[in-house]
Amino acid sequence: MCLAIPGRVIEVFKENGLTMGYVDYSGTVNKICLEYVPEIVVGQYTVVHAGFALSVLDEEEARQSFAAWQELVQAMAAQGTDIFGNPLGK
Amino acid sequence: MKYVDEYRDPALAGALLEEIRQTVTRPWVVMEICGGHTHAIMKNGIDQLLPGQVELVHGPGCPVCVTPVETLDRAVAIAARPEVIFTSFGDMLRVPGSVSSLFMAKSAGADVRMVYSPLEAVAMARQNPEREVVFLAVGFETTAPGNAMALLQAKREGLTNFSLLASHVLAPPAIRALLASPFNRVQGYLAPGHVCTVMGWREYEPLAEEFRVPIVVTGFEPIDILAGLLRVLRQLEAGSHVVENQYGRSVSREGNRAAQRVVDEVFAVSDRPWRGIGVLPASGLVIRDELAAYDAERKFAVESISVRESALCKSGSVLQGLIKPDSCPAFGRECTPEHPLGATMVSGEGACAAYYKYHRNCPAAPHQLCHRPAHVQ
Ligand code: SF4
Chain A
1 MCLAIPGRVI EVFKENGLTM GYVDYSGTVN KICLEYVPEI VVGQYTVVHA
51 GFALSVLDEE EARQSFAAWQ ELVQAMAAQG TDIFGNPLGK
Chain B
1 MKYVDEYRDP ALAGALLEEI RQTVTRPWVV MEICGGHTHA IMKNGIDQLL
51 PGQVELVHGP GCPVCVTPVE TLDRAVAIAA RPEVIFTSFG DMLRVPGSVS
101 SLFMAKSAGA DVRMVYSPLE AVAMARQNPE REVVFLAVGF ETTAPGNAMA
151 LLQAKREGLT NFSLLASHVL APPAIRALLA SPFNRVQGYL APGHVCTVMG
201 WREYEPLAEE FRVPIVVTGF EPIDILAGLL RVLRQLEAGS HVVENQYGRS
251 VSREGNRAAQ RVVDEVFAVS DRPWRGIGVL PASGLVIRDE LAAYDAERKF
301 AVESISVRES ALCKSGSVLQ GLIKPDSCPA FGRECTPEHP LGATMVSGEG
351 ACAAYYKYHR NCPAAPHQLC HRPAHVQ
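Going line by line, the protein sequences match chains A and B.
Residue 1 is where the first sequence starts when you use the numbering used here, and the numbers rise one by one after that.
Residue 1 is where the second sequence starts when you use the numbering used here, and the numbers rise one by one after that.
No lab work stands behind these hints: they were computed from the structure.
One or more of the hints may lead you astray.
[As the list claims (entries may be wrong)] If you want the ones that stay clear, here's a sample from chain B, every Cβ over 12 Å from chain A, calculated: (1) 2; (2) 19; (3) 83; (4) 115; (5) 141; (6) 153; (7) 193; (8) 224; (9) 237; (10) 240; (11) 257; (12) 339.
[Unchecked claim] Distance ranges between label pairs, derived from CB positions: (13) 26(B) <-> 39(A): 41 to 49 Å; (14) 238(B) <-> 13(A): 25 to 33 Å; (15) 327(B) <-> 29(A): 42 to 50 Å; (16) 210(B) <-> 5(A): 32 to 40 Å; (17) 11(A) <-> 183(B): 35 to 43 Å; (18) 27(B) <-> 43(A): 25 to 33 Å; (19) 66(A) <-> 265(B): 23 to 31 Å; (20) 264(B) <-> 5(A): 40 to 48 Å; (21) 43(B) <-> 66(A): 16 to 24 Å; (22) 43(B) <-> 78(A): 29 to 37 Å.
Ideal Cβ placement from N, Cα and C applies to all residues, glycine included.
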């Protein structure tokens, strides 16, 4: 019950007084309670646990970590090693 | 898939692994507390790609595994009542209690139904006013907000035939207990990314300080885990011990305040037994007294059911990181996912099941992340 993958919100609506939404996981669509992410809008990604969205994924933060990681990959290449640390050209 | 595929990039994984190799100069023991991490580590063969000096040990962060036998016995007793529709997440159904599992109770005629969300159980209560609908509310801080919301929704709708059999656990008290144990070998922690999505990481700061351990809040994709490990190892090598956040796209220091407020409205913190480990102080959540009408334990008077753990299964030691699953004499022999002796073999997040699925059947562990580089033995 703790394995969760991010899904994209494709619709937001009210049901029995609760904010609900449809969340798309690469084609599989589930109805999810959005009460804990009131700021979420259609198109954003969310982490869902047992039918409840718990966070809105932060695009800017994700972009920044990737920029830092790409530097690592490039630094490795500049050292003359491939991504596994093996010398290039072998 | 966005936020998934890029976190499985083999080139990036290779670069992070190499950075880990260059960072590590001494042996270190790091625990991943969360069963979701254990599963991802085994699935991707990360434990086998790391340099030999880095040992990963698996913590008690699988809620299915630590749910006490007596909770299951109480669940089975309630489910056996003719007026009850007993609902649960699927992974709890096969967990053995002292005599039966919910799945066996269902075969014996009990009305046991699997749900994906506790709100489905509320809907059943709405649709079946003549029946009593009970939801088995287990899990860490990740499932507590949903279960709390379900209870409040039933209350708002005036449903008197809905209740929770609640058996929630909290992650930081378990980490504290493990760190305080005289047998502790763990020097650094990967903190559970989804628990921290709800709770933030403030509770981990005093732990890092008091026990002088680096703690890194970590996500669940292979890149997340490698990046989280790299941060722990950099701290260990530098003699530092602070809380860092690797999973910033989902986790903030404060966590999800709305979820925390609702959890606090419904549940109070209490001591709680952990299956295989024993009672840990202030490590669980119970339904507040003013909401006792929604507490299945009190409604059906099953509080007195208590049992002792079987001595055969070594899951207590597995859950505390004292032994690896394959050192249990029953592992893969008397105990398999088809015939589990302990909860850690039942749940997909349990360490024994993860070892069975990803190691034992294929000792060479052909991992999916990337090919093993030539110079790593
Ligand atoms: S292998 Fe089975 S018997 Fe051994 S510790 Fe794991 S669950 Fe218990």
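Hint-by-hint comparison with the structure:
1. 2: At roughly 6 Å from the nearest Cβ of chain A, residue 2(B) sits no farther out than 12 Å, so the non-interface label is violated.
2. 19: Violated: least Cβ distance 6 Å, not greater than 12 Å.
3. 83: 24 Å, holds
4. 115: About 8 Å separates residue 115(B) from the closest Cβ of chain A, which leaves it inside 12 Å; violated.
5. 141: Contrary to the label, residue 141(B) does not stay out of reach of chain A, its closest Cβ about 10 Å off (not over 12 Å).
6. 153: 7 Å, violated
7. 193: 9 Å, violated
8. 224: It is violated; residue 224(B) is separated from chain A by about 9 Å at its closest Cβ, not greater than 12 Å.
9. 237: About 17 Å separates residue 237(B) from the closest Cβ of chain A, which puts it past 12 Å; holds.
10. 240: At roughly 19 Å from the nearest Cβ of chain A, residue 240(B) sits farther out than 12 Å, so the non-interface label holds.
11. 257: Not fine: 9 Å to the nearest Cβ puts residue 257(B) too close to chain A.
12. 339: 22 Å, holds
13. 26(B) <-> 39(A): 41 to 49 Å: 45 Å, holds
14. 238(B) <-> 13(A): 25 to 33 Å: 50 Å, violated
15. 327(B) <-> 29(A): 42 to 50 Å: Given a distance of about 44 Å, which is inside 42 to 50 Å, the answer is holds.
16. 210(B) <-> 5(A): 32 to 40 Å: 34 Å, holds
17. 11(A) <-> 183(B): 35 to 43 Å: About 51 Å separates the Cβ atoms of residue 11(A) and residue 183(B), which means 35 to 43 Å is violated.
18. 27(B) <-> 43(A): 25 to 33 Å: Violated: the Cβ-Cβ distance is about 47 Å, outside 25 to 33 Å.
19. 66(A) <-> 265(B): 23 to 31 Å: Between residue 66(A) and residue 265(B), where Cβ atoms are some 38 Å apart, the hint is violated.
20. 264(B) <-> 5(A): 40 to 48 Å: 28 Å, violated
21. 43(B) <-> 66(A): 16 to 24 Å: 22 Å, holds
22. 43(B) <-> 78(A): 29 to 37 Å: Holds: the Cβ-Cβ distance is about 32 Å, inside 29 to 37 Å.
Checked against the numbered hints given earlier, this structure breaks hints 1, 2, 4, 5, 6, 7, 8, 11, 14, 17, 18, 19, 20; the rest are met.
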